[in-house]
Each structure stands twice: as structure tokens, then as C-alpha cells.
Amino acid sequence: MPRISQLYFKTAILFLIIGILMGVNMAISQDHTVIGAHAHCNLLGWVTMAIFGGYHALNPQKAETRLAMIQYYVYTAGIVLMVPSLYLMLQGNAAMEPIVALASVVTFVGVLLFAFIIFSSGKVVVTPSAPSYR
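Position in the sequence shown counted from 1, then plus 3, gives you my numbering.
Simulated from the structure, these hints should not be mistaken for lab results.
Here are the in silico distance ranges between beta carbons for each label pair:
1) S123 - Q94: 38 to 44 Å
2) L70 - L17: 21 to 27 Å
3) V108 - I31: 32 to 38 Å
4) R6 - V50: 17 to 23 Å
Cβ coordinates follow ideal geometry from the N, Cα and C atoms, glycine included.
Let the sequences and hints guide you as you build the complete structure.
Below, the structure written as C-alpha cells:
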């Protein structure tokens, strides 16, 4: 499996753990004001990163490009900045709003880079060979 796939899966599982901890905290406290940060952490951190990792695992030629690694760092930086700043903003810290906006733009740039990777030429999805039953 390509290195970038491993990075994506490892990063994704960290976001899943953080997202679950936020959910547990909301359940215990009965305060759901940070549900937006919880959702962003789980969907953009856990789910989307796992999908990115799976794509790269199926496309090792594209996974080995410099652009793929740049895209990983840009997208990850956006989410790492977005989740805590959104959490704090939803708790009432209005000063975090510009940081959330910046993080959203950085994350979107990461998505656009991933779209470029998908649409770029190169070997497409690796098809595993079917086992022979003869």
C-alpha cells in the first residue's frame, strides 16, 4: 500500500477518535452546541480522508506523485485548523470565525487538488485479478 494511503488512514482514525470523544462529551453534558464541529471532524476528517486513502491505494501510480503529498498536507492542515476553531466558535468565541473561514478555504483548496489528481492522466484504478476456479 502506498505511503500516502497509510498516512490518510492513520490521520483518519485519529479524527474518528476525536469525533467520538466530542460525541461522548456532548452526550454526557447534554450540551450539543458543538455538533457542527463533531460532524466536520467525522465527515471531513474520518470519512473523506479514508476515501482519499482508498483512492490512492487503488491508484499507486498517482499516489507516488509529489502533488498527492502536497494535497495530503494542504487538506490535513485545513481540517486540523478547522475542527478546533469551529469547536471554539460554536462555544461562543466569535474571534474564531475568521480562522474557521481560512480553514474552510484551505480545506477547499485540498479538495480541488484531489479533484485535479483524479482527473489527471495516468493509470486508473488497479483491477485485482479474479481467482481462477479451474
